[in-house]
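Starting from the given sequences, assemble the full structure and let the hints guide the process.
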Amino acid sequence: MDKTVTISLNGHAGQFRLDGEAYDELSRYLDRAAARLPADSDRAEVLGDLERSVGDKLVARLAATQGSEDRIVNVADVEEVLQEIGDFEGEDEQGTDLGVLRRLRRLRRIRAGQQLAGVCTGLAAYADLDVNMVRFGFMVATTITLGLGALVYIVLAFALPISASADAPVPPRRRLERIRDGQQIAGVCNGLAEYAEIKVNAVRTMFLFATVLTAGGFALVYGALAFLLPVRAARPIAGR
Amino acid sequence: MQDSKLGPLRKGLLEFLILEIVSAGDVYVADILGRLATTDFATREGTLYPLLSKMRGEGLLDYDWRESAAGPPRKYYRLTDTGRAQLAHFRAYWASLTSLIDELGR
Numbered sequence: 001m002d003k004t005v006t007i008s009l010n011g012h013a014g015q016f017r018l019d020g021e022a023y024d025e026l027s028r029y030l031d032r033a034a035a036r037l038p039a040d041s042d043r044a045e046v047l048g049d050l051e052r053s054v055g056d057k058l059v060a061r062l063a064a065t066q067g068s069e070d071r072i073v074n075v076a077d078v079e080e081v082l083q084e085i086g087d088f089e090g091e092d093e094q095g096t097d098l099g100v101l102r103r104l105r106r107l108r109r110i111r112a113g114q115q116l117a118g119v120c121t122g123l124a125a126y127a128d129l130d131v132n133m134v135r136f137g138f139m140v141a142t143t144i145t146l147g148l149g150a151l152v153y154i155v156l157a158f159a160l161p162i163s164a165s166a167d168a169p170v171p172p173r174r175r176l177e178r179i180r181d182g183q184q185i186a187g188v189c190n191g192l193a194e195y196a197e198i199k200v201n202a203v204r205t206m207f208l209f210a211t212v213l214t215a216g217g218f219a220l221v222y223g224a225l226a227f228l229l230p231v232r233a234a235r236p237i238a239g240r
Numbered sequence: 241m242q243d244s245k246l247g248p249l250r251k252g253l254l255e256f257l258i259l260e261i262v263s264a265g266d267v268y269v270a271d272i273l274g275r276l277a278t279t280d281f282a283t284r285e286g287t288l289y290p291l292l293s294k295m296r297g298e299g300l301l302d303y304d305w306r307e308s309a310a311g312p313p314r315k316y317y318r319l320t321d322t323g324r325a326q327l328a329h330f331r332a333y334w335a336s337l338t339s340l341i342d343e344l345g346r
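Here the protein sequences line up with chains D and F, keeping their order.
FYI, this note's numbering numbers position 63 of the first sequence as 63, with every residue one higher than the one before it.
FYI, this note's numbering numbers position 66 of the second sequence as 306, with every residue one higher than the one before it.
Since the hints were made in silico from the structure, they are not lab data.
Each residue gets a CB set at the ideal place from its N, CA and C atoms; glycine is no exception.
Keep in mind that a hint or two might mislead.
[As the list claims (entries may be wrong)] Simulated DEER-style distance windows between Cβ atoms:
1. Leu228(D) / Trp334(F): 57 to 65 Å
2. Ala13(D) / Thr338(F): 43 to 51 Å
3. Arg324(F) / Asp128(D): 44 to 52 Å
4. Glu84(D) / Asp280(F): 13 to 21 Å
5. Ala159(D) / Gly311(F): 34 to 42 Å
6. Gly113(D) / Phe281(F): 29 to 37 Å
7. Pro38(D) / Gly345(F): 35 to 43 Å
8. Gly86(D) / Ala264(F): 22 to 30 Å
9. Ala60(D) / Phe330(F): 30 to 38 Å
10. Asp70(D) / Asp304(F): 31 to 39 Å
11. Gln83(D) / Gly345(F): 23 to 31 Å
Next up, the structure:
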């Protein structure tokens with residue numbers, strides 16, 4: 001994530017420096033928009049409009065960070081700007097609104113029908129498979145890899161955002177922090193639980209399980225997170 | 241009433257509201273968004289840009305580039321004769337539609 005990309009945006013004389021994640025997010029959005037516009041002369045124009053607008057909003061955001069106006073644009077900046085611009089709602093050449101289709105294709109966890117963390121329901125919706133097939137596949141994979149499949153599950157549970165159902169929008173990612181309030185050791189599980197919207201005891205169980213499975217190796221992950229993640233003082237009162 | 245039933249209606253009306261706003265004088269995208277923001281038809285650039293491009297493709301509106309005090313030049317939109325004609329047609333249709341609804345409900 002230390003890579004920095006310098007880009008120029010339509011209409012803006014100055015250049016923008018984005019970190020790798022921010023750049024990927026922005027390119028994804030623009031690629032998606034391009035894919036949804038008919039390939040005529042207007043496509044370049046609409047994309048140009050979008051770029052200019054992204055540039056305007058980034059300039060405003062950077063100007064608002066006092067003292068470091070020349071900082072590198074991060075993924076939170078890009079996400080907020082794109083949120084403001086909204087989903088790109090074009091139509092494909094048959095005139096079909098692609099909004100719903102695109103939402104279905106984004107890989108995420110899905111709460112509706114979940115057994116553990118919603119990973120299998122999400123994968124099933126993404127690949128258009130029966131969820132029981134996906135679960136069976138995970139169980140077979142876990143058995144033949146002597147448990148490694150479960151580790152993949154655990155990683156996906158934290159890496160993927162969660163949404164309520166297959167056609168609900170994917171929520172923006174939130175910040176991963178350690179949470180002191182109710183911590184057992186360093187607040188890592190507490191923070192992960194809120195980040196991934198999984199019950200904290202389930203997170204602790206997964207950590208223990210993964211640690212046993214990797215003969216202690218996973219405890220290193222805990223240790224690393226304890227050092228790397230910033231601390232948040234207390235959970236907001238509205239939390240569950 | 242169920243909002244999902246009104247969705248398609250709202251989507252179709254948006255185009256005419258844009259004609260209305262553009263007819264009032266030269267406007268750029270932020271003006272259009274601002275005028276709609278407090279209404280039921282609040283929308284965002286991701287929806288507006290492709291719609292404006294489509295409407296321009298249909299010859300309903302056109303734009304000029306103008307320098308702005310802050311940042312890059314802006315596109316100012318205005319109605320073409322076709323756009324004005326379509327707006328007049330729409331207004332007449334809308335008037336007949338509301339009177340029809342009143343009449344049927346009487």
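Going down the list of hints, with the structure as the test:
Range check, Leu228(D) to Trp334(F): about 60 Å between beta-carbon atoms, so the 57 to 65 Å window is met. For the pair Ala13(D) and Thr338(F), the beta carbons lie near 50 Å from each other, so the given range of 43 to 51 Å is met. Separation of Arg324(F) from Asp128(D) is about 48 Å and conforms to the stated range, judged on CB atoms against 44 to 52 Å. Taking the beta carbon of each, Glu84(D) and Asp280(F) are about 19 Å apart, inside 13 to 21 Å as hinted.
As the Cβ distance of Ala159(D) to Gly311(F) is approximately 37 Å, the hint placing it in 34 to 42 Å holds. One distance hint, 29 to 37 Å for the beta-carbon pair Gly113(D) and Phe281(F), holds here, with the actual separation near 35 Å. About 42 Å separates the C-beta atoms of Pro38(D) and Gly345(F), a value consistent with the hinted range of 35 to 43 Å. For the pair Gly86(D) and Ala264(F), the supplied restraint of 22 to 30 Å holds, since their beta-carbon distance comes to about 24 Å.
Taking 30 to 38 Å as the suggested C-beta distance range, the pair Ala60(D) and Phe330(F) conforms, at roughly 35 Å. Distance hint for Asp70(D) and Asp304(F): a CB-CB separation of about 33 Å, consistent with the stated range 31 to 39 Å. The hinted window of 23 to 31 Å between Gln83(D) and Gly345(F) is violated, with their beta carbons roughly 41 Å apart.
Taken one by one, the earlier hints fail for this structure only at number 11.
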